[in-house]
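*Asks:* The lines below spell out each chain.
2 protein chains.
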Amino acid sequence: MTALANGWLAVAGLGPGDEQLVTPEVRSALDAATDVIGYFPYIARVAPRDGLALHGSDNRVELDRAAHALQLAAAGARVVIVSSGDPGVFAMASALFEALEGRPDLIDLDIRILPGITAMLAASARAGAPLGHDFCAINLSDNLKPWALVERRLRLAAQADFAMGFYNPRSASRPYQFAQALEILRQECEPDRLITFARAVTTPDERISTVTLAEATPEMADMRTVVIVGNSATKRLGRFVYTPRRAD
Amino acid sequence: MTALANGWLAVAGLGPGDEQLVTPEVRSALDAATDVIGYFPYIARVAPRDGLALHGSDNRVELDRAAHALQLAAAGARVVIVSSGDPGVFAMASALFEALEGRPDLIDLDIRILPGITAMLAASARAGAPLGHDFCAINLSDNLKPWALVERRLRLAAQADFAMGFYNPRSASRPYQFAQALEILRQECEPDRLITFARAVTTPDERISTVTLAEATPEMADMRTVVIVGNSATKRLGRFVYTPRRAD
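Top line first, the protein sequences correspond to chains B and L. Counting from 50, one number per residue, gives the positions in the first sequence under my numbering. Counting from 50, one number per residue, gives the positions in the second sequence under my numbering.
So here's chain B without its partners, still in its complex pose (with noise of 0.2 Å):
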């Protein structure tokens, strides 16, 4: 199949949940869709209209929802893949490069990732400005890699003195995984560093919170939450947490 001259696909982020974080870039691209295809959750924030058929899909088959997009936009659809937050931060972006590598005769589809704001920034900004010094973002999930993966990036990112930024801390089939985490962050950080723990960021839901390492403990985190470990100068002031310009 080749693709049809007015079919396009985009790589949509719909931010953390508020829909004044929504760039109008997004906005214009799901105004124009025929087809808008994602996890449920993220599908019903998208507004039904005429002409607009809406794809929910439950969680964990990515790249079967990446493969129908590209479908249906060789076939001369106007598809938008809804990711949350950003789509190139853990989300779908990738998995559609990898759909498209199985179809390397799609490979001049009109293809756009449409950036949005990110659930680690949102959550860094809610909080003050703990990642204001260079940072790191880790997803804690294994599924797609190696446990080993991850305790070795947390050591060196500790090491580094980053700032970092956890996406997937916790989940019902991984409870234990950010026990792990807190645990090298214990071995490798300073028992004062400050933890933000930041759940369903910027949603009527939203609850964010600061405690030092010592007083961190797995339960504070679960999956709708991003943590962000400070790095060794972030410090509080008043009802703010934030990572100095500055370092030695």
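These are computed hints drawn from the structure, not numbers from a lab. Some clues are possibly wrong.
Which copy is meant is left open, because identical chains are indistinguishable; a pair holds if it fits in one copy or across any two.
Here are the simulated lysine to aspartate or glutamate pairs, EDC-like style, with alpha carbons at most 20 Å apart [what the hints assert, rightly or not]: (1) K284 <-> E268; (2) K284 <-> E264; (3) K284 <-> D210; (4) K284 <-> D154; (5) K284 <-> E239; (6) K284 <-> E147.
Starting from the known structure of chain B, arrange chain L on it as the hints suggest.
*Replies:* Below, chain L alone, put in the same frame as chain B:
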């Protein structure tokens, strides 16, 4: 001076350049502001209107700018400090909190940080998905930290096999840093590691190119460039560059 009840201060991210990437939240804050403060080129992105004072200032006066904003908001003004990208990523949010440390009398002021699309993630989206796995962000400027710390972070990040985004890779006053960063990468990474240079991303001057580490030269970056270094699995796929979700 005690803060007047109706004054507020928002530190807002304008994104990398394209107005279609400015969030509605930021747009609303600008519409409600009496005063907008920032570096001249960012102030130039704000439409003048009756009742709005635009306060442009030069680079490298972040603390003065933040103190000025606090002063105005404390006197009852509705103030927006504009940053490019995301204010929490190598931008004005941390500078604001540094200034606030010197003004404990203003700690109860209504202060909000409004996230934006940071250059690294906009660049990643334009290129494909090179940051689609664990990654770090490093400011290569040594204005506010010793170069030895930058070197150390680069080495550890490469050993952790993070993808990396570099901000401020090179400027007229610091022409040598990026050459040294490339040298460190050549010591730690294989020669066919992919590096994307994204200049003036999402603006009319945008220029994006991807080369191997062996091909990369210092002149490929300037002060308007963000540099994205893939991890060991990052690959080309047609005109795109992406990092698979899976790692060994």
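*Asks:* All hints, please: hold or fail.
*Replies:* Here is what the structure says about each hint:
1. K284 <-> E268: Answer is neither; intra-copy 23 Å and inter-copy 38 Å both fail.
2. K284 <-> E264: within (16 Å within a copy, 41 Å between copies)
3. K284 <-> D210: within (14 Å within a copy, 29 Å between copies)
4. K284 <-> D154: Result: close only across copies, 18 Å inter versus 53 Å intra.
5. K284 <-> E239: Classified as within; 13 Å inside a copy, 38 Å across copies.
6. K284 <-> E147: between (41 Å within a copy, 11 Å between copies)
In summary, the structure is inconsistent with hint 1 from the numbered list given earlier, while agreeing with all the others.
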